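Read off the chains here:
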Amino acid sequence: MIEVQNLHIRFGAGTPLEVHALRGIDLIIPRHQFVTVIGSNGAGKSTLLNALSGDAPVETGCVRIANEDVTRLPSFRRAHRVARVFQDPKAGTCENLTIEENLALAARRGQRRGLSRAVKAELTEQFRDALSRLGLGLEKRLGEKMGQLSGGQRQAVSLVMATLRPLDILLLDEHTAALDPKTAAFVLELTERIVAEKQLTVLMVTHSMKQALQHGDRILMLHEGRIAFDIEGEARAKLTVRDLLAQFEKQRGEELEDDSLLLG
Amino acid sequence: MLSSIAFWGAVETGLLFALVALGVYISFRILDFPDLTVDGSFPLGAAVAATLIVGGWNPWLATLMAMFAGAAAGMLTAWMNVRLNILHLLASILTMIALYSINLRIMGRPNVALLTETTVLTPFQDMLDAYYLVPVVFFSLVVLIAAGLLHAFLSSEAGLAMRATGANATMARAQGIHTGRMVLMGVALSNALVALAGALFAQSQGAADVTMGVGVIVVGLASVIGGEAILGTRTLLISLIACIAGSILYRLAIAFALNADFIGLKAQDLNLITAILVAVAIVLPGVRRNMKSVGVRSA
Chain X
1 MIEVQNLHIR FGAGTPLEVH ALRGIDLIIP RHQFVTVIGS NGAGKSTLLN ALSGDAPVET
61 GCVRIANEDV TRLPSFRRAH RVARVFQDPK AGTCENLTIE ENLALAARRG QRRGLSRAVK
121 AELTEQFRDA LSRLGLGLEK RLGEKMGQLS GGQRQAVSLV MATLRPLDIL LLDEHTAALD
181 PKTAAFVLEL TERIVAEKQL TVLMVTHSMK QALQHGDRIL MLHEGRIAFD IEGEARAKLT
241 VRDLLAQFEK QRGEELEDDS LLLG
Chain D
1 MLSSIAFWGA VETGLLFALV ALGVYISFRI LDFPDLTVDG SFPLGAAVAA TLIVGGWNPW
61 LATLMAMFAG AAAGMLTAWM NVRLNILHLL ASILTMIALY SINLRIMGRP NVALLTETTV
121 LTPFQDMLDA YYLVPVVFFS LVVLIAAGLL HAFLSSEAGL AMRATGANAT MARAQGIHTG
181 RMVLMGVALS NALVALAGAL FAQSQGAADV TMGVGVIVVG LASVIGGEAI LGTRTLLISL
241 IACIAGSILY RLAIAFALNA DFIGLKAQDL NLITAILVAV AIVLPGVRRN MKSVGVRSA
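Residue numbers (this note's numbering), protein chains in the order written: chain X, 1 to 264; chain D, 1 to 299.
Chain X extracted, bound-state conformation (with noise of 0.2 Å):
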C-alpha cells in the first residue's frame, strides 16, 4: 500500500523561479489497485511519480511505502521497493551494455551487490525465458548492445527489467510517449499482462485520455499541483473522453475565473 499525506514539493524556492509543484497531495493506493494520472502540463504527474522514486525533494508531507516512511530516503535506497520505467527509451537501459548486462542489473535492484559474476547461468536461463514471451525474439539477442533496439523493444526489456524482482509500486512515467502509435499499443498490451500476471500496484502518468480510459481501475486528474478529480469503480467505467475532456475544461474555466477576479 502507498500512502501519500499532505504532500508539498516546491523546486527553486526563494527564487524567482519558484514553483510549488505539488501544493497538498492526499492519496492512497491500495495493493494491487492500477492508478492512472492524466493532467494538463505543469499540473504534477510527473513530480508526483518522482517524489514516489525518491527523485524529488518533499518539502512537506510524507511517503509511506508499504508501511515504510521513505519521505527522506533517496531513489537507491527505495529501488527494493520501487521499479520504474521512464518516459525516454534511453533513460531506463545503458546503451553500451549488452541486454544480458542490463537485465543482470535489474535483477539485483535494491539488493546488494558483491564480487560474483554478474551475469550468470541461472540467471541468462531466466532472462531467456522472460524475453521469449515478449515475442520479439530478443531472447536470441541477450549479448547484443542495448542501444541496438528499437525504442520500442527497449521499453519491452525495460518492463521486464523493472518486474524481474517484487516490488510494492511500478511507476510507469509516460512510458509509451516516445513511441509510434503501434508500438506504444504494444507496449500498453505487454504492460497490462505482466501487471496482471503478477498483480502489480501501479502508478502511470499519461498524456493520453484515451490510455487512461483503457487502462488501469483509477483515474486522478492533477491540476496546479492538487488532485481535482479522482474517480474508480462503476463510476469510473462510466466515463468517457468526452467527460474527461469536460473535467478539463472545468478546471481551467475555474482557473478563468480567478483571473477575472483579479484582473476586476
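Derived by calculation from the structure, the hints in this document are not laboratory data. Just so we're clear, the structure is a prediction, and the values are computed from it rather than from any experiment. All clues given are correct.
With a Cα cut of at most 25 Å, we get these calculated SDA-like pairs of lysine to any residue: (1) X:K145 x D:L284; (2) X:K145 x D:S156; (3) X:K145 x D:A169; (4) X:K120 x D:L149; (5) X:K145 x D:F28; (6) X:K145 x D:E228; (7) X:K145 x D:E157; (8) X:K198 x X:Q33; (9) X:K198 x X:A237; (10) D:K266 x D:G215; (11) X:K90 x D:F28; (12) X:K182 x X:A91; (13) X:K182 x X:E139; (14) X:K120 x X:E100; (15) X:K140 x D:T235; (16) X:K250 x X:D230; (17) X:K120 x D:A158; (18) X:K145 x D:G232; (19) X:K145 x D:H178.
Facing chain X, from chain D, some residues (calculated, C-beta under 8 Å): (20) S155; (21) M171; (22) G176.
C-beta: ideal position from N, C-alpha, C; glycine also.
Got chain X; can you put chain D on it based on the hints?
Chain D alone, transformed into the frame defined by chain X:
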C-alpha cells in the same frame, strides 16, 4: 632504426604506462569522470615507494603502500566532487596541485635516488642474459595480472554497477545503486593503478622525481584513445587490451619519431606531439562520420 635496447626500453615504458591507461580507462570511460589527479598520483606512487624503500621497507610492501596512497588521492578528488559538488575536472586539478606539495613533503627533497637500493626487480636482475628484457617480462606479468583482475571485477555485480553509474546514473540509482559510492571506489581504483605505475617506474628508472607526473594524463588518454581507434571497443576485454596495446604502440611511435633524424624532432617536442595526437584522435571519428553523411547526401 631503433637499437634493440631502445626498442625494448620503449616497450618497457609502454607496459608501465599501460597501467596508467587502465586507470584512465576507469575514470574517463567507465565512470565518465575526467580525472587529472593522475598527474599527481603517478609521482605520489613513486615518492611513497622510493621513500619507503630508502627507509628500509620491503619493496613489495612499499609498492603496496604507494597504491594505497594513490587510492586515497583519488578518493579525495571523488569526495570533493560527490560530497562538495565541485566540478569533477576542477576537483581533480585541486588534488593534483595539492599533491605537488605533498610529494615534496613525502620525499623531503625534489628527488630520491634508488640506484643502489633493492627494488621489486632486483631478485630477477640476473635471470636473463639480455638484462634489458628482465623489466619487460616482469612488467608484462604485472600488466596481465592487473588487466585480468580488472576484467574480473568489471564483470562482477559490483563492477557492473560501476559501469552503469558512468553510463546512466539515473538508471543506476533507480536500480538501487549508490552512485556516489561507486564514483569514490572507481576513482580510487583508477588512481591506485596509476600510483602502482609510478612506483614501478621509479624502481625501474632508479629514481623518483617530483616533476615526473607532468603530462601523464595526456599520455594515458593518448593510449586509451589510440588503442580504441585501432582495436575498437566491441567488448570489455577488447577495450582493456586496447588500452595496453595503445600504450605500447604510443611509446614505440614516439621512439621511432625521435629516432628518425630526418623529421627533426627532439625529445622536448614530446608533449606537443602528444597533445596534437590526442586532439586528432578525438576529432577524427567525428570528421569521418561527417564525411560519410556528406557522401550519402550527395549520392
